[in-house]
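Undergrad: Residues per chain, in single letters:
6 protein chains.
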Amino acid sequence: MSELRSVWLQELTWEDVADYLQEQDIILFPIGSTEQHGPAGPLGVDSYAAISVAEDTARKTQVLVAPPLWYGDSPHHLGFPGTISLTTETLVAVAKDVIRSLAKHGFKKIILLNGHKGTNLAALTTACRGLHEYELPDVFLALADPLFLAKGISHIKESVEHHAGELEISHVWYKYPSLIKAAKLPDTQVDVRTIMSDFVHNDLFGKGGDSIEVFWNSAEQRKFAPSGSFSDSSKASPEKGKIYHEYMVDNLSRFVEWLKKYDGIIGND
Amino acid sequence: MSELRSVWLQELTWEDVADYLQEQDIILFPIGSTEQHGPAGPLGVDSYAAISVAEDTARKTQVLVAPPLWYGDSPHHLGFPGTISLTTETLVAVAKDVIRSLAKHGFKKIILLNGHKGTNLAALTTACRGLHEYELPDVFLALADPLFLAKGISHIKESVEHHAGELEISHVWYKYPSLIKAAKLPDTQVDVRTIMSDFVHNDLFGKGGDSIEVFWNSAEQRKFAPSGSFSDSSKASPEKGKIYHEYMVDNLSRFVEWLKKYDGIIGND
Amino acid sequence: MSELRSVWLQELTWEDVADYLQEQDIILFPIGSTEQHGPAGPLGVDSYAAISVAEDTARKTQVLVAPPLWYGDSPHHLGFPGTISLTTETLVAVAKDVIRSLAKHGFKKIILLNGHKGTNLAALTTACRGLHEYELPDVFLALADPLFLAKGISHIKESVEHHAGELEISHVWYKYPSLIKAAKLPDTQVDVRTIMSDFVHNDLFGKGGDSIEVFWNSAEQRKFAPSGSFSDSSKASPEKGKIYHEYMVDNLSRFVEWLKKYDGIIGND
Amino acid sequence: MSELRSVWLQELTWEDVADYLQEQDIILFPIGSTEQHGPAGPLGVDSYAAISVAEDTARKTQVLVAPPLWYGDSPHHLGFPGTISLTTETLVAVAKDVIRSLAKHGFKKIILLNGHKGTNLAALTTACRGLHEYELPDVFLALADPLFLAKGISHIKESVEHHAGELEISHVWYKYPSLIKAAKLPDTQVDVRTIMSDFVHNDLFGKGGDSIEVFWNSAEQRKFAPSGSFSDSSKASPEKGKIYHEYMVDNLSRFVEWLKKYDGIIGND
Amino acid sequence: MSELRSVWLQELTWEDVADYLQEQDIILFPIGSTEQHGPAGPLGVDSYAAISVAEDTARKTQVLVAPPLWYGDSPHHLGFPGTISLTTETLVAVAKDVIRSLAKHGFKKIILLNGHKGTNLAALTTACRGLHEYELPDVFLALADPLFLAKGISHIKESVEHHAGELEISHVWYKYPSLIKAAKLPDTQVDVRTIMSDFVHNDLFGKGGDSIEVFWNSAEQRKFAPSGSFSDSSKASPEKGKIYHEYMVDNLSRFVEWLKKYDGIIGND
Amino acid sequence: MSELRSVWLQELTWEDVADYLQEQDIILFPIGSTEQHGPAGPLGVDSYAAISVAEDTARKTQVLVAPPLWYGDSPHHLGFPGTISLTTETLVAVAKDVIRSLAKHGFKKIILLNGHKGTNLAALTTACRGLHEYELPDVFLALADPLFLAKGISHIKESVEHHAGELEISHVWYKYPSLIKAAKLPDTQVDVRTIMSDFVHNDLFGKGGDSIEVFWNSAEQRKFAPSGSFSDSSKASPEKGKIYHEYMVDNLSRFVEWLKKYDGIIGND
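Chains as they are written, first to last, in the working numbering: chain A, 6 to 274; chain B, 6 to 274; chain C, 6 to 274; chain D, 6 to 274; chain E, 6 to 274; chain F, 6 to 274.
Hints may contain errors.
Intra- or inter-copy, both count: the list cannot distinguish identical chains.
[Stated by the list, open to error] Using 27 Å as the maximum straight-line C-alpha spacing, the simulated DSS-like pairs for lysine-lysine come out as follows: (1) 266 / 113; (2) 265 / 113; (3) 247 / 189; (4) 265 / 228; (5) 228 / 113; (6) 65 / 109; (7) 247 / 113; (8) 180 / 240; (9) 228 / 109; (10) 266 / 228; (11) 113 / 65; (12) 156 / 180; (13) 65 / 186; (14) 186 / 109; (15) 240 / 186; (16) 189 / 109; (17) 156 / 228; (18) 265 / 189.
It is worth saying that the hints were derived from the structure and are not from the lab. Values in this document were obtained by computation on a predicted structure and should not be read as measured data.
Model the full assembly from the supplied sequences, consistent with the hints where possible.
TA: Structure representation (structure tokens):
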């Protein structure tokens, strides 16, 4: 197959897409958020994460990327100006509609790439599980996310990573250097264990011991994390961002290449 | 007020937005689509229209723009690969959630900018009317669209404008020149009157005589407009696109400036 | 075909309807509203418009009419006693259920006749577009409305027509003379441009220049239009109502006759 | 209070309604159906029942009536041409929207009058119970229906009354004589006990012994009641219709008069 | 067929259920509530009623029982601590999902057993009617309830039976003796006629004269029935509970045996 | 506080609950599933897990337990007879209604105890997050699950634990010995990595390396795990079940005791 004019679906004509579908049926769908990321990170951090990993993976593996969704499930960040949150129900509906449209055209392997945004996972899981059981049994659906895609490289960080942490800030810094306010990177960390019990953990990349989930809302978050950041991101750097980014692109590319050749049970029933 | 670091909300930190809200409460929200635009236009035509007018208006008037929505209400285009359609209900839900989030932060004047995408209007109208009556009586909501914003300049086109027509192709050509396949611009037009009666009109910018709306679906469209384009866009040009674009930016900027000083009944009840 | 016992479906037995369907598959579905129409017009103005045009068109063309829907999408009129408003979502649901039922029996050409009630259009369009794409591809769905059906005759009015305007008042006056309080016809007009910017137009039948939609709610409307009427209807008359009514009946009848012979793409895919 | 110009809300102006609300806060809301009623009865039987009882009660007690809803919850009749059924969910939504609108204007005592249509009761009960608990605790909501309002007079019938039975046919015959095809009145009865067990009863007005509800659908009904009627209505007559009608009007009027003076706990909490 | 290891589905393995389905396709689904039942009855009265009748019927007839639903539609009891109410919409959804799952496995005859809980009936009826018409035409659905199943034995009670009445208290007393606080059984009765008009009846098992339904909410109920009980249950006894219970088990067993041999129209279309 | 008559809410009267609320505001809400657990485990395994941990924790800490929900989100198990699955949306609705009811009575600290059922987590998280942000900011909501509550003890198992694994089988065996068919315990394991890529892990309790979620449906599961079990549970034993159970009860009890004294930010805003 000759090189794609663009990996972004929205830049192509429908005839380009028809040509692509003659040879390949994989597409990436990046989902981010518009939510506060502390005093140093732009509101689009999660979207930039999803967009950049999707785009670089797509270039490397020559598959298409659907236009990004800039909005996620972020109610607990609504205490900070600029956060835009869909409800979980709306995010489910958007994800389902996008996947249905892609499936109708013959995209049979669809990879959702979520951008370091744990609270999106309930909606995206709901959408994929429901569609695959009840509507699209012959479509392979997968969901990738930095929190799980980059476990193996998380040791490069020097601090505890929670919201607006060292790795996700480094990531954006590497790919979109002008968007990080380096002078404002916080060097303190919120200790959620004092607020939500010992069963809640500070590090999203941690191995975790016993845990219980405790739910907090936007007003509470504004109180216990008044800067918006939960994390010490003073050790963030574009260099770390590069390592982290490339690790994820490598992982996801490996998965895409595996999927190109896949003819197992899933989606082929 | 000093110049904004960026007009795009997603590029700012929450503190930047908080600063902005000290002085201004207007924001633009661009809504496009990912739908086929014939053999020459990219799938993102409507999104590019919304994004470019929003961005240039925002720069000119120094107001903010929310991240764009790349998906619209495009079921009748689903017969062509690459089209991604939300249902009307989903689009209503997204628009409501975005507006609610913005309103919560104190954006009291929100302008939806739809990108030449008539079928989005039912959903966007539903969202705005419902919110303003039942939830957000104190928020001024407006909805702009090239079809109505550019009536006064539509005389520059030389052909009948329907889907993928001369003006919208020119628009993208001017702002994103690499995305138009000039060699593929169609020079024929679908005559919808022969298919849907004399009460249906060929020109979306036309003054219209008596009319009745007839609904068609994606399979039917694929039949009566097999190239995807309804319009002769062979007269499209970046030059026309520039005139059209600037006319819309001027109009919308005029509205924004009026709105900055507005203290009438709407949203102030 | 012998003359129908009644054009109203609800007056017939199911066997009458079965007989009709042997020869014809067209039906009209009138949708109105129950909303204030100023000090002179009854709350049912829009419903009477839909009912009378449907009934007279049906008699002229010998097609059936479904029972009318007396409720529409009128939230912005809820500030005046007697207005009954469905939400947009409910109106979509009702329209879909009625159309589905009719289609199940073999009505393959269904014409919604809305009664001069612009805000109904979002819901009715949503219902028709969604059904024709996803559920009823083989049913021809059309939507007529005085605002578009009577453009060619609107020159008979002598004043600017907005809510409760000269033409719709004349219409009811002609068909239901006892329901207009002639002594209370207002002779002033609300200038919406002063309230909602120059981009909003005063005349619903106007050709319109550049425009932007601004949304208002019931509390605001009560303030800027305290009588309920937006329009000077002092020039209304039964004579104008007759001309307007017959023009619409003629137009719609012409469409029905065209549709009787139609075997084009729409609904026949 | 002087006599009302009309008891029908839709025939009044909003000022008339405002005047009424100065003195009275009761309104009737008639709900019918459009569903087959055998070879002799028109599709609108249930609607005519609701409309006529509401109108005559309103005249007698000088209270208002909201415009009728012509559509009900009739899925099991969809096997016969002309039946139009809302889903239960849609009927709930319509009833809630109408009641909410009326309550907003100050109607504090709202009586739903259902027209001999048992399957509507689930939806109407759902709407009233939900609204009164969660949204409108200070509105008195009541639901009347011929099946319960006329128990005391049902002895005048000479046959077993089920769908399209002697009493409801008589009722329409009395009020709308031209709509009954007397020559087609069936003289046989469907014995539902042979089809659905001894725990299902033949007479809707019966006292009933032990019972279990069995659900049937439109295809099944078409089989076991091929004429559409379940009942022997050969003994129907306008005279019986008059007795039955007046009995219901008397009962409902008695309730309205009681309600005018009511200041007990319900709706006054 | 050999005796079942257990009549409760949840105690069996899927292989046990597969074996059962080789020979039988009937299942009972008990639905209760968690709502106050006065000072003497536990919150689970309705659930215990459903569970015990289902279990004993199942043992007697050797059919399966699905796990019970402990929550019902009880908004009007929310004024008393401990009541847990689903909305009607949620109860519809649960009932539909459970029935759909059972039908998928080949249970073709499903009997919902509601536990003396009239307000559940709207939801359960809505679920069954909708499913049988639109989704599961080949499944026989029935709905039983003590209020209708035990009419013929209700004469054993000595008092007027409304909420928390003599029979339902006796029932639980017989089956779960430790759960009734005998010393707290009320000996007074709420006269609903004084509160809601003569058209509302005191005895749920009564034959009823003319009636109109009046809706009350939880705050109102707390006022007119401050103990939670509407009924004099001082005559309740385990002995009466035994008679009542066995009567229902006998009736339901008779229905199950009839259904085992049923091959009529319902569910076989 | 004297010992509770019962820890189960449904066994108490409303007055008992009112008394409890004078002193304590914590309640546990157990949520399970009815889904196949291989040839040896009963369909109720997850429900029994939730019920037993909730009950024993409640007894130990003297707090109340709400009636259990026997149904969960189990679409991928619908290929095996007996599985009953709610949709994710329905489970969200049930959880929200139950929590709303409890909160209305003054339960301010509500702990959902899910029974080893990962797919329930999307719904339960959605319910809790949404309620705490938009409706119940002053209620502390927590979600516990064996998968996270018992990490620290998972080393006692000798095999890879996935669906129907050694630990959950041991758990039921310990608490409900008659419900495990010991002779049928499988001694083989499904290797999901061969089916869904190296990015999917075999052990639910594992520490996990990089991972990507792949969604499978019921038909696919029936193919790759024809016995229903994914796991070798031949090493299961009541003794292990006891250790595992007590570890969870201890952990949850520790959390409950901490919560009794909690007066931090969450739920106190």
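Undergrad: Now, for every hint given, state plainly whether the structure supports it.
TA: Now the hints, each set against the structure:
1. 266 / 113: within (13 Å within a copy, 42 Å between copies)
2. 265 / 113: For residue 265 and residue 113, only the intra-copy Cα distance (11 Å) is at most 27 Å; the inter-copy one is 42 Å.
3. 247 / 189: So residue 247 and residue 189 pass the 27 Å test inside one copy only (21 Å; across, 40 Å).
4. 265 / 228: Classified as between; 22 Å across copies, 48 Å inside a copy.
5. 228 / 113: between (45 Å within a copy, 20 Å between copies)
6. 65 / 109: within (26 Å within a copy, 41 Å between copies)
7. 247 / 113: neither (31 Å within a copy, 40 Å between copies)
8. 180 / 240: Within one copy, since 17 Å is at most 27 Å while 40 Å is not.
9. 228 / 109: Only across copies: residue 228 and residue 109 sit 17 Å apart there, 46 Å inside one copy, limit 27 Å.
10. 266 / 228: Close across copies (20 Å), not inside one copy (50 Å); limit 27 Å.
11. 113 / 65: This pair counts as within: shortest intra-copy Cα distance 20 Å, inter-copy 44 Å.
12. 156 / 180: Cα proximity of residue 156 and residue 180: one copy only (20 Å, versus 37 Å across).
13. 65 / 186: Classified as between: cross-chain Cα gap 25 Å, same-chain 30 Å, threshold 27 Å.
14. 186 / 109: Cα proximity of residue 186 and residue 109: across copies only (25 Å, versus 43 Å in one copy).
15. 240 / 186: within (13 Å within a copy, 47 Å between copies)
16. 189 / 109: For residue 189 and residue 109, the Cα distance is within 27 Å only across copies (25 Å; inside one copy 46 Å).
17. 156 / 228: The answer is neither: 30 Å in one copy and 31 Å across copies each exceed 27 Å.
18. 265 / 189: neither (43 Å within a copy, 32 Å between copies)
Hints 7, 17 and 18 from the earlier list are contradicted by this structure; the remaining hints agree with it.
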